[in-house]
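Colleague: Based on the sequences and whatever the hints tell you, model everything.
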Amino acid sequence: MRIIAGSLKGRTLSAPPGMSTRPTTDTVREMIFSLLDHHVMWAGLRIMDLCCGSGALGFEALSRGAAHCTFVDSSPAVMALVQETADSFGLSERTTVVRSDVISFLRQCGPGSADVVFADPPYADRLCTRIANGLLKLAILTPGGIYVGEHGDREIILPSPEWTVLAHKERGRTVVDVLRYEASLP
1 MRIIAGSLKG RTLSAPPGMS TRPTTDTVRE MIFSLLDHHV MWAGLRIMDL
51 CCGSGALGFE ALSRGAAHCT FVDSSPAVMA LVQETADSFG LSERTTVVRS
101 DVISFLRQCG PGSADVVFAD PPYADRLCTR IANGLLKLAI LTPGGIYVGE
151 HGDREIILPS PEWTVLAHKE RGRTVVDVLR YEASLP
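Position 51 (the sequence shown) corresponds to 51 in full-length UniProt numbering; numbering is contiguous.
Since the hints were made in silico from the structure, they are not lab data.
Accuracy of the hints is not assured; some may be wrong.
Stated by the list, open to error - So the derived label-pair ranges between C-beta atoms look like this: (1) A167 x D87: 19 to 25 Å; (2) P159 x R94: 29 to 35 Å; (3) H39 x L138: 20 to 26 Å.
Said to hold, decoys possible - Straight-line distance between alpha carbons at most 20 Å, and here's what the computed EDC-like set of lysine to aspartate or glutamate pairs gives: (4) K9 x D101; (5) K137 x E162; (6) K169 x D153; (7) K9 x D37; (8) K9 x E30; (9) K137 x D153; (10) K137 x E84; (11) K9 x D26; (12) K137 x E182; (13) K169 x D37; (14) K9 x D125.
Ideal placement from N, C-alpha and C gives every residue a C-beta, glycine not left out.
Modeller: As structure tokens, then:
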């Protein structure tokens with residue numbers, strides 16, 4: 001896996017050895033960022049990469065100019081690898097690495113604490129809808145913020161009125177939903 005664009009273009013990312021992570025493929029990542037580039041100006045944005053695995057989505061956003069990324073995963077091995085990658089890319093000051101289950105992490109976030117949230121949980125867990133609902137209930141995204149949920153074809157995200165669907169793309173068993181938060185902060 002490589003960073004596709006930006007200041008880190010061409011840098012290599014590793015998946016944790018022996019782990020059952022399913023990293024976002026370069027093709028799907030390229031599709032996601034191609035979609036987002038029509039809606040997002042990366043400079044200065046605060047990103048969350050939930051169920052981050054290798055951290056590919058968050059590091060791609062940082063490479064394109066995002067100010068900060070919080071990486072969240074429940075695996076100690078995954079978080080150690082993400083921290084090692086951040087250090088080797090010289091991004092330690094622009095990253096926060098949190099070992100936690102995603103739902104518990106979201107409950108600790110304040111309103112408006114992210115501009116873009118990526119979620120790529122294990123497909124069998126079907127967490128993308130719960131994450132979308134948590135983002136709404138807790139008003140974690142800034143108004144106009146973006147949620148990108150990557151999930152399996154057996155999960156359907158039914159967006160509430162606070163979401164505008166910017167894209168719904170399918171690649172094999174992988175589905176990517178890109179939603180924009182239309183509500184104002186409480």
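Colleague: Which numbered hints turn out to be false for this structure?
Modeller: Hints 1, 4, 9, 10, 14 are the ones this structure does not satisfy, whereas the remaining hints hold.
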